[in-house]
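These protein sequences, in sequence, are chains Y and L.
Heads up: take any position in the first sequence, counting from 1, add 148, and you land on the numbering used here.
Heads up: take any position in the second sequence, counting from 1, add 4, and you land on the numbering used here.
In case anyone wonders, no lab produced these hints; they're calculated from the structure.
Watch out, some of these pointers could steer you wrong.
Derived pair list, reagent style BS3-like, types lysine-lysine, alpha-carbon separation capped at 27 Å [stated by the list, open to error]:
#1 Y:K268 - L:K78
#2 L:K155 - L:K78
#3 Y:K219 - Y:K154
#4 Y:K200 - L:K45
#5 L:K56 - Y:K300
#6 L:K195 - Y:K190
#7 Y:K216 - L:K97
#8 L:K105 - Y:K300
#9 Y:K216 - L:K53
#10 Y:K300 - L:K42
#11 Y:K216 - Y:K373
#12 Y:K200 - Y:K154
#13 L:K107 - Y:K219
#14 L:K97 - Y:K219
#15 L:K105 - Y:K219
#16 L:K218 - Y:K216
#17 Y:K200 - L:K202
#18 L:K195 - L:K143
#19 Y:K200 - L:K107
#20 Y:K200 - L:K56
#21 L:K97 - L:K53
To give an idea of the interface, some chain L residues facing chain Y are shown, with a C-beta separation under 10 Å as derived from the structure [unchecked claim]:
#22 F23
#23 E52
#24 F65
#25 K78
#26 G82
#27 D86
#28 A88
#29 E90
#30 R127
Across the chosen pairs, the derived CB separations fall in these ranges [unchecked claim]:
#31 L:E101 - Y:T323: 41 to 47 Å
#32 L:R221 - Y:R367: 48 to 54 Å
#33 Y:G380 - L:R18: 34 to 40 Å
#34 L:V32 - Y:F155: 42 to 48 Å
#35 Y:R262 - L:K78: 48 to 54 Å
#36 Y:T361 - L:V32: 44 to 50 Å
Quick caveat: nothing in here was measured; it's all calculated off a predicted structure.
Idealized CB from N, CA, C, for every residue including glycine.
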Amino acid sequence: MNGRRKFLRDFLALLFSGGAIGGILKILPGTAQAKETVRTGKWYGYGVSVDKCIGCGRCMEACKIENKVPKEPFFFRTWVERYVIRKNGTTAVNTIQPGAEAPPEGALDRSILRSFFVPKLCNQCADPPCVQVCPVGATFQTEDGVVLVNEKTCIGCRYCIQACPYGARYLSPVTHTADKCTFCYHRIENGYLPACVEVCPTQARIFGDLNATASPLSRFLRMNKIHVLKPGLNTEPKVYYAGLDGEVR
Amino acid sequence: MLKFPQKIPDSLARLLVVFLVLTVALAVVWVLIPRDMKNVKVQWAEAEKREKARPLQYAGFRACEDCHGEIHNKKKAGYHRDLACETCHGPAKAHTEDPDKVKPVIPFTRAFCPQCHAYNPSRPRGFPQINPVAHNPLKACVSCHNPHDPKPPTTPKECSACHGEIARTMAVSHHVQLACTQCHEAPPQHKITPRTAKPSKPQNREFCGKCHGKDAREKLAKSAPKINIDEHGEKYVCWQCHYPHSPEVEQ
């Protein structure tokens with residue numbers, strides 16, 4: 149057996165024995181990067197009591213004023229959906245328009261099984277798909293768990309808008325960059341509540357630090373059965389819903 | 005002299021020149037690009053700073069009390085105690101900075117209050133709602149209700165004033181003839197503070213059996229459907245299968 153052939157045989161043997169096992173060990177979950185890190189400091193979250201929402205739309209209006217969101221009724225950082233579930237199993241979902249007269253249908257409509265309002269906003273996922281897909285690193289997660297957009301480097305490719313499973317992003321017609329809910333970052337960092345939480349007349353919206361032991365949010369999380377939207381996607385949303393109908397999940 | 009370069013083939017020498025020019029150009033570009041354009045962490049820190057520095061529009065729930073203490077105290081005792089002032093009066097940060105020049109809105113019109121209080125079947129039950137078409141047309145809401153301490157102008161006499169949905173359901177059911185008090189005992193205080201004094205609810209099968217039992221003696225129950233309450237319905241209580249406000253109305 150000549151030298152070259154011997155070398156190749158030994159090399160292949162090594163590849164399939166020790167070397168390969170070493171490679172497999174490296175990708176085993178145990179030694180792969182530990183994702184569950186202990187978080188210290190602020191880690192912001194949000195609670196929504198579905199059965200308290202009266203669908204008045206004050207939050208949508210306040211959000212537009214506070215964050216200078218364009219007035220057109222299809223740019224929203226937060227919005228409220230009206231669910232109408234009928235007895236034949238069909239469900240209609242509409243985004244309400246604040247200030248408009250309440251829809252009179254349904255008062256005596258016997259085919260309606262259940263109807264309610266669901267406030268929605270950016271879920272500020274702990275594992276956000278929008279951050280993963282951004283090709284220029286313009287969207288990122290802050291130390292306290294808020295996903296922000298850097299409008300100086302965003303190229304407006306809309307990839308993050310497609311990637312968001314909750315439809316929480318839109319392309320701003322003013323800056324031509326992606327825009328989304330920031331939990332009113334300029335307010336919360338200065339000790340104020342987000343504008344939507346501030347104006348909600350029925351306390352359907354709760355904001356707070358998830359690491360705090362005693363706060364309205366941690367009490368809300370302890371005392372209610374909590375759901376998140378689309379839990380199967382493993383985005384780990386930080387907007388928690390109480391009293392959520394099975395139809396919404 | 006120059007023996008060594010002559011040994012390199014001509015083609016390789018040209019390639020080396022091209023390679024050198026490229027390397028120098030790349031190095032120059034790398035030096036010329038500012039550091040923060042290459043480091044995403046720096047960009048993020050700047051974006052965070054920009055985001056934090058944006059101006060506020062809403063002054064927050066603590067701002068109003070200092071000057072408007074009287075109204076604040078009045079509101080604190082009423083049903084609107086959990087509402088922020090800015091829910092109705094709009095963003096007031098500018099007003100806190102220059103109280104004389106900028107005044108927040110005072111919504112007087114009839115279109116405003118129904119945003120929350122117009123009847124909408126999707127609203128949670130028990131939330132006070134009116135029909136804006138039928139409810140004192142053309143009269144401003146504030147002429148009867150003080151928005152800082154809202155109360156119904158008179159204490160409701162009929163249960164249907166608040167429990168409209170149940171009343172409407174009952175109206176087309178077989179239980180239409182029954183008064184609410186047939187099954188519920190409402191303490192008088194319930195009309196004033198509905199949540200602190202709650203009316204009673206039937207607790208057991210025997211209650212329904214008074215009318216629907218095999219040998220019911222209640223006068224009202226003459227034509228009521230009768231069952232043997234010991235056998236019917238196994239271990240369940242009646243209202244686990246029958247909705248008392250609309251019993252079997254569709255079958």
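Quick rundown of the hints versus the structure:
no.: 1; hint: Y:K268 - L:K78; verdict: 33 Å, violated
no.: 2; hint: L:K155 - L:K78; verdict: 13 Å, holds
no.: 3; hint: Y:K219 - Y:K154; verdict: 75 Å, violated
no.: 4; hint: Y:K200 - L:K45; verdict: 41 Å, violated
no.: 5; hint: L:K56 - Y:K300; verdict: 15 Å, holds
no.: 6; hint: L:K195 - Y:K190; verdict: 45 Å, violated
no.: 7; hint: Y:K216 - L:K97; verdict: 15 Å, holds
no.: 8; hint: L:K105 - Y:K300; verdict: 35 Å, violated
no.: 9; hint: Y:K216 - L:K53; verdict: 18 Å, holds
no.: 10; hint: Y:K300 - L:K42; verdict: 14 Å, holds
no.: 11; hint: Y:K216 - Y:K373; verdict: 35 Å, violated
no.: 12; hint: Y:K200 - Y:K154; verdict: 76 Å, violated
no.: 13; hint: L:K107 - Y:K219; verdict: 22 Å, holds
no.: 14; hint: L:K97 - Y:K219; verdict: 20 Å, holds
no.: 15; hint: L:K105 - Y:K219; verdict: 26 Å, holds
no.: 16; hint: L:K218 - Y:K216; verdict: 69 Å, violated
no.: 17; hint: Y:K200 - L:K202; verdict: 20 Å, holds
no.: 18; hint: L:K195 - L:K143; verdict: 25 Å, holds
no.: 19; hint: Y:K200 - L:K107; verdict: 31 Å, violated
no.: 20; hint: Y:K200 - L:K56; verdict: 31 Å, violated
no.: 21; hint: L:K97 - L:K53; verdict: 21 Å, holds
no.: 22; hint: F23; verdict: 30 Å, violated
no.: 23; hint: E52; verdict: 6 Å, holds
no.: 24; hint: F65; verdict: 7 Å, holds
no.: 25; hint: K78; verdict: 17 Å, violated
no.: 26; hint: G82; verdict: 13 Å, violated
no.: 27; hint: D86; verdict: 6 Å, holds
no.: 28; hint: A88; verdict: 5 Å, holds
no.: 29; hint: E90; verdict: 6 Å, holds
no.: 30; hint: R127; verdict: 5 Å, holds
no.: 31; hint: L:E101 - Y:T323: 41 to 47 Å; verdict: 27 Å, violated
no.: 32; hint: L:R221 - Y:R367: 48 to 54 Å; verdict: 51 Å, holds
no.: 33; hint: Y:G380 - L:R18: 34 to 40 Å; verdict: 60 Å, violated
no.: 34; hint: L:V32 - Y:F155: 42 to 48 Å; verdict: 45 Å, holds
no.: 35; hint: Y:R262 - L:K78: 48 to 54 Å; verdict: 38 Å, violated
no.: 36; hint: Y:T361 - L:V32: 44 to 50 Å; verdict: 56 Å, violated
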